[in-house]
Each structure stands twice: as structure tokens, then as C-alpha cells.
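Colleague: Below, each chain spelled out in residue letters.
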Amino acid sequence: MKKEHFQENCYVSGHTACAGCGQSMAVRIVMNTAGKDTIASNATGCLEVFSSKAPESAFGVPWIHSLFENSAAVASGVETALVHQGKKEGINVIAQAGDGGTADIGLQALSGMLERGHDVLFVCYDNEAYMNTGIQRSGSTPFSASTTTSPSGKHSTGNPRPKKPMVEICAAHHIPYSATSSIANPKDIEIKVKKALKIKGPKYLQIHVPCPLGWRSDPSQSIDVAKKAVETGLYPIVEYEYGKLTKSRKISSPKPVSEYLKLQGRFRHLLKDAKALAEVQQVADKNIEYYGLK
Amino acid sequence: MAQAAKLCRPGVIAAYPITPQTHIVENLSQFIADGELDAKSVNVESEHSAASCVLGSQAAGVRSFTCSSSQGLILMSEVLFCIAGMRLPVMLVCANRALSAPINIWNDQQDSIAVRDAGWIQLYAENNQEAVDLIIASHKIAEDPKVMLPAMVCVDGFILTHGMEVVDIPEQKDVDEFLPPYNPPYKLDPKNPMSFGLLGTPDVYLETRYAIQKTLGDVLKMIPTVGKEYQDKFGRDSLRLIEEYKTDDAETILIAMGSVCGTIKDVVDSQRKQGKKVGLLKIVSYRPFPKQAIKKALDSAKNIGVIDKDISLGSDGALYSEVKSVISSDKKISGFIAGLGGRDIKAKTVEEIINLSEKEENSCRFIDLNKNILWEEFKTI
Ligand SMILES: Cc1ncc(C[n+]2csc(CCOP(=O)(O)OP(=O)(O)O)c2C)c(N)n1
Ligand code: SF4
Ligand SMILES: [Mg+2]
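Protein chains in written order, with our numbering: chain L, 1 to 294; chain B, 1 to 381.
Next up, chain L with everything else stripped away, as it sits in the complex:
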């Protein structure tokens, strides 16, 4: 990461995230890009736990956490209070959650927030499982990933279902902006956060963030792992505006999915299983076609 991502002190080190935690890197970029005039809400999850052990807090901006599923609803209340006080102008409200707090238990509150049109940016840190409780499958866990509740085994090749398409679910609310990004490209996160915060209304940004503990990947390679996800087509980087796909990051010569999978223990079982591997390749091929990645 570049020096500028450390300058604002809206999110500082000293927290207890694991080494190589992609989520922690992404939060730093989001918060320091948003700047001091920001109020952040947070769902329960790894981020909340590693950043806010009383009496300490890694957040240099006002920050509020209460529960797992209500980050969007709390942010709705904060934003409404600012509007009522005539103070919303110039203050960003950012709701944060993990993929579980977004795609599963928090989906209803998120949908309500989007539908009601609150001027809030919702950021989902997508590490593709419930990490805080020990790597259980979420609706955002990718096809065939082995987690503690979708383990691979004699009768299983891991998670039987594809990822819930959250970016499209949010876009389907016809909100001004719904996008994905990845810690593979910190600059992209910065650009998208800036872009989103300039827009009035509800915005959704989902950032792919490796979790070395849950993915069983090398903590020193988190950025590379994330890059491979993008380069294989397994993590499409896209932007939707008012419900329409307006941009997708092109990958002219997609890498075979095995290059991504082999870096992670959660996919290790696929490498010896040609059929299962081919099925994951199909997911990438479909993404490339569906989102126009070529």
C-alpha cells in the first residue's frame, strides 16, 4: 500500500487483525479516503472485533457498532439524524459489514436502506465466509470452497452453491451506484470510494478481501491471491449505475482458475479432481461472458 493510505489516521494500526488480513487493509483505504468528516457504522464480525476492544479503538472517525445484522439500519438512523439537524452536508455516512452481515443476516436491513434512499455508502468486506466465528459458509462463499460447514470430503467437493450475486441484488434496487472492487488494486478502491461518496443516495461497494486464516493462504501473499481472483474471472470487478452495468474490468487473457485455487487450502481438494476443477473453471468462464470481462 502507498504512503497516502496511512496519512489521514481515520483508521490506525494497533488493532488485532491477523497478519495479511485483507479486510484490515481495505478498511484503512476506505476510511482514509473518506476522511475525517465521516461517521461509520459497523456490523459484528472480524472487523468489529479486531478494531474495537474496549477501551481502545482503531477508528479515528466516529464509529458505532451494535449488532450483526443492523449496520444498514443504524446508518439509516445516523443519516436521518444528521439530516434532521441540518448537518448531513459534508458528512459521509458509511455502513460496514462482512459478507455474512451483508448477504445473509443483514440483507433485509440493507435492502430497506437502499430502497428508502438514504445517503449512505454500504461497504461489504467480502472474505467469503463467517470468519469471526471460525470459517463457516456464508451466502457469499464461492462454489466448491471448503469451510467448516461446507467441508470437502468423500461425498463433498465443498460449498455446493455459487456466490450470491450481491452487487446485482443491490443494483436491482436501481440505486445510483453498486460496484465491486478488490484489495488486489488499492487505487481502484480509492477511486470507487471517492466516486461513491460524491453521489447522493444509497451506494454499495463490495471489496474482495483475502482472509489468510480462513482461506488457508500465505499471509504475505494476500494481495497476489486477490489479484489471481480477478485475473481468472472468479471475482469480476464491475460497476452498476441505476441498475445498469456500466463498467467491467477487462481481463484480456484470463488465467486458468487453478492458478488462483492452488494458493489456498480451502480449494486444495479440487486440484486432484479434474471434474470438480472443470466446474470451477465454468464459473469463471460464465463470469467472463456474463459481465463482459474480455
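No lab work stands behind these hints, which were simulated from the structure alone. Some hints could be false.
Unchecked claim - Computed beta-carbon distance windows for the label pairs:
(1) B:Tyr186 to L:Ser13: 45 to 55 Å
(2) B:Pro145 to L:Pro55: 52 to 62 Å
(3) B:Asp174 to L:Gly201: 39 to 49 Å
Unchecked claim - Residues of chain B clear of chain L, computed beta-carbon distances all greater than 10 Å:
(4) Pro102
(5) Glu171
(6) Gly341
As the list claims (entries may be wrong) - List of simulated lysine-lysine pairs, DSS-like, C-alpha gap at most 27 Å:
(7) B:Lys331 to L:Lys36
(8) B:Lys187 to L:Lys36
(9) B:Lys302 to B:Lys273
(10) L:Lys250 to L:Lys286
(11) B:Lys191 to L:Lys88
(12) B:Lys228 to L:Lys87
(13) L:Lys194 to B:Lys187
(14) L:Lys194 to B:Lys191
(15) L:Lys200 to B:Lys187
(16) B:Lys214 to L:Lys198
(17) L:Lys198 to B:Lys187
(18) L:Lys88 to B:Lys187
(19) L:Lys200 to B:Lys191
(20) B:Lys191 to L:Lys87
(21) L:Lys53 to B:Lys191
(22) B:Lys146 to L:Lys53
(23) L:Lys195 to B:Lys191
(24) B:Lys228 to B:Lys146
(25) B:Lys187 to L:Lys53
(26) L:Lys53 to B:Lys214
Glycine residues also receive a C-beta, built at the ideal position from the N, C-alpha and C atoms.
Based on these hints, arrange chain B with the ligands on the given structure of chain L.
Modeller: Frame of chain L, contents of chain B with the ligands only:
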């Protein structure tokens, strides 16, 4: 009730429709639509989000109001604990209603009793005038910088929420004098960044609970003081810990909360005419629970009958258990479960309860059971 809430000038209102609470939030929406109330109403998608939304808005420094009932309150329950734990003086009106299953829209008090441990101040209104007074008066206590705890005013569903009564609605100017603008000692503000809702390890969690317990102890002392202040201004002593109705020399005292107290007072009056020494002890403040005041009020009593519109299934009525823990062992005390799911508590029912209270002790006696519809093996009870 909507009028009373409006007089307190909430800046953010978030609620979700549920019978019999719905018209409170409808009326508030109309006040806003008509420009009579300068507030923002958030049409949330659930009670969980209603409570979460007012948690957020109150933390951002704005007086916030919500209301609910029954399933709605229970859906909120997770958030209710947070609101108290985060020391946010949110105001909630609970239109008391039974809990499913079976689904039942009528009155009892199981919903608010089920969340009694959340750390909220809980006050029960006997009539609509008291509801109005308690809503206004409790704000003052909840928002006191030494308190900073949420308050729930409980009103019996339908009996009060849909009852027609003449009530005195205070003047806005007087309420403004009584209740200053909300100015919390801490809030979400980029000029002074603070973190709310941190992870409380075993090193600190116990102390957070001790602090709430201590504060609720202080609230016990504040209720009579603020109640007096309210009375001086508005002429009514609705905010109090308990009401002692003809208990001075009473040998048999019934104890209850909410609208049933009106019926009990009528029965006490008619029995007094026949020379029976009966009285009523009405609990207004259930949380904090006024142990000393209750103990003192029951001084003369030989027989005590506690009416619960709730039950801790597998144990006894909630109020009964708590009163029993306070009184001396030479008194006879019986618990009665009545009025669940909207079963009418008539004068005749109250008379029966008085009679039974004077007989042998019984911790959990169901009143007005229709044995004909019970399962065969239960019919012998
Ligand atoms: C209502 C509720 N259910 C379950 C939990 C337990 N819980 C806490 S965090 C968590 C998983 C978080 O997963 P995610 O949102 O993906 O965030 P991550 O920890 O992976 O960053 C779970 C299941 C909870 N806190 N509250
Ligand atoms: S478990 Fe994963 S998400 Fe949680 S702190 Fe460690 S690396 Fe980050
Ligand atoms: Mg996760």
C-alpha cells in the same frame, strides 16, 4: 399517545406497524405531513430495523421515538439490550399485546415482561391520562446526563390504545419548559470522534452491568422527585413508583399493573362499603423495581394477591415472584394469572381473586379457566 410523543419534539421516529400500536405511528406521520411536528420519520422494513434506526439517530444526538407491540417488541429485543447497554435514552411506547403462538392480537403484558431484563426503565399506565403524563415525564429522567437510559411506557393494548377517554394534553410551552432540548454528554460527531459499542471483554463487561444497575437504583430516587416536579407543573402525580389505593388499614391488598387497576379500584370501593378492609397497590415503575416502597405499602396486609397478565412458564407470574421476594414471611401471598390473550378481567373476577387471596396460599393460580376446552387430562385441576 401520539400527541404526547409529539409534545416531546422527537427529531427521528422509526416504527413498524403492528396491531394495536399502529395508529400511534400513523398519527405521528400525519403530524409530520401536516407540518405540525418537525421530525423525520423512517419507514423501516421491520421492528429490528426500527429499533436499530433509533439507536443510530439517538447516538447521533437526536431525541428519537419508537413504538411497538408483541411480536414487534420481541423482534426488537436484541436491539433493546444494545440501546440500554450503549446508554441511549430512546423512548418507546409498548402497546401491550399477547405473544404467539397461538397468534393473538389482544392484551396481556407478556411482551414487555419478556424484555424486563434489558436495562430499560419500564413504566405501566393505568389509563390514557397516565400514558400521556408518563411519556412526557419519563423523557426527563431518561435523558438526565446522570441516567442516560432508555424508557418504555407500557399501555394495555386495545383497553387503552383504542379506549376513548377525555385526557388533558399539556401545552407545548409548558412541556418545553419542563423538558429541555436533548443535549447528550456524548454523540457521534466528526468534530469529536468517539467509538460506540466496543467489544467488552471479561475485564470490563461486568462493570457495564453494575453501572446500569447502579443508575437504575438512582432512578428509583429520581422518580418521586421528577414526579413532584411534573405534578407542580401539570397538576398530576402520574409519575410515581407505586400508587397506594386504600391500603393504609387494608388486610387484603391486591397488587397489579396497568389498566386492570381501574377495575380493581371499583371493586375495592364497593367492598369497602360492605366493610371489607381491602386495598390496591398499583405498580407504576416495574423497572426499576421499588422494593422498599412495596414493602412499606404492604405493612398492614395479612393477605396479598398479585395479579399477573404474564407468566414465566414453568415458574410463576413475574410480578408475583418479585413481590414475594420482598415481603416478610408472616404474610400470606398468592399469585394469579389472569387476562392472558385478552381474556376480560371483570369485577367478578377481581372479587374472586380477593376471596382466594384470603384462603390458602397459591403461587400460580389461573383465573377464569374454561375447563371445557382443556385437554382431557387437565380437566381435573
Ligand atoms: C444474531 C447473531 N447471530 C450470530 C452471531 C455470531 N456471529 C458473529 S460474527 C459472525 C460472522 C461474521 O461473518 P461476516 O459478516 O462474513 O464477517 P467476517 O467475520 O467474516 O469479517 C457470526 C455468525 C451474532 N453475533 N449475532
Ligand atoms: S480471521 Fe481472517 S478476516 Fe478475521 S482478522 Fe484474521 S485474516 Fe482478518
Ligand atoms: Mg466474512
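Colleague: Evaluate each hint against the coordinates.
Modeller: We went through each hint and held it up to the structure:
1. Against the hinted window of 45 to 55 Å, the Cβ-Cβ separation of Tyr186 of chain B and Ser13 of chain L comes to about 25 Å, which falls outside the hint.
2. Separated by about 20 Å at the C-beta atoms, Pro145 of chain B and Pro55 of chain L break the suggested range of 52 to 62 Å.
3. For the hinted restraint 39 to 49 Å between Asp174 of chain B and Gly201 of chain L, the CB-CB distance of approximately 41 Å keeps it satisfied.
4. With a least beta-carbon separation of about 26 Å from chain L, Pro102 of chain B lies farther than 10 Å from that chain, consistent with its non-interface assignment.
5. No beta-carbon of chain L is positioned within 10 Å of the beta-carbon of Glu171 of chain B; the least distance is around 24 Å.
6. Under the 10 Å C-beta cut-off, the non-interface status given to Gly341 of chain B relative to chain L holds; the minimum distance is some 29 Å.
7. The suggested pairing of Lys331 of chain B with Lys36 of chain L is violated, with an alpha-carbon distance near 64 Å, which exceeds 27 Å.
8. Pair hint Lys187 of chain B plus Lys36 of chain L holds up; C-alpha atoms about 16 Å apart against a cutoff of 27 Å.
9. Our distance criterion of 27 Å between C-alpha atoms is met by Lys302 of chain B and Lys273 of chain B, whose separation comes to about 20 Å.
10. Under the criterion of a C-alpha separation no larger than 27 Å, the hint pairing Lys250 of chain L with Lys286 of chain L is consistent with the structure, at around 14 Å.
11. With a CA separation close to 13 Å, the supplied pair Lys191 of chain B and Lys88 of chain L stays within the 27 Å bound.
12. Restraint check: the Cα-Cα separation between Lys228 of chain B and Lys87 of chain L comes to about 37 Å, which exceeds 27 Å; the hinted pair is violated.
13. A hinted pair counts as satisfied when its Cα atoms are at most 27 Å apart, and Lys194 of chain L with Lys187 of chain B qualifies at roughly 26 Å.
14. Simply put, Lys194 of chain L and Lys191 of chain B have alpha-carbon atoms about 21 Å apart, close enough for the 27 Å limit, and the pair holds.
15. For the suggested pair Lys200 of chain L and Lys187 of chain B, the alpha carbons sit about 24 Å apart, so the restraint of at most 27 Å is met.
16. Taking the CA atoms of Lys214 of chain B and Lys198 of chain L, the gap is near 46 Å; set against the 27 Å cutoff, the hint is violated.
17. At most 27 Å may separate the alpha-carbon atoms for a hinted pair to count; Lys198 of chain L and Lys187 of chain B meet this at roughly 25 Å.
18. Between Lys88 of chain L and Lys187 of chain B the CA atoms are separated by roughly 15 Å; this keeps the pair inside 27 Å, and the hint holds.
19. Among the hinted pairs, Lys200 of chain L with Lys191 of chain B is consistent with the structure: their alpha-carbon atoms are about 22 Å apart, no more than 27 Å.
20. The straight-line distance between the Cα atoms of Lys191 of chain B and Lys87 of chain L is roughly 12 Å, inside the 27 Å bound, and the hint therefore holds.
21. The straight-line distance between the Cα atoms of Lys53 of chain L and Lys191 of chain B is roughly 22 Å, inside the 27 Å bound, and the hint therefore holds.
22. Proposed proximity of Lys146 of chain B and Lys53 of chain L is supported: the alpha carbons are some 25 Å apart, at most 27 Å.
23. For the hint linking Lys195 of chain L to Lys191 of chain B, the alpha-carbon distance of about 24 Å falls within 27 Å, and the restraint holds.
24. For the proposed pair Lys228 of chain B and Lys146 of chain B, the alpha carbon gap of about 19 Å is at most 27 Å, so the pair holds.
25. For the given pair, Lys187 of chain B sits about 19 Å from Lys53 of chain L by alpha-carbon distance, which is consistent with the 27 Å threshold.
26. As the CA atoms of Lys53 of chain L and Lys214 of chain B are separated by approximately 24 Å, the hinted pair is consistent with the 27 Å bound.
Of the numbered hints given earlier, the model fails hints 1, 2, 7, 12, 16; all others are met.
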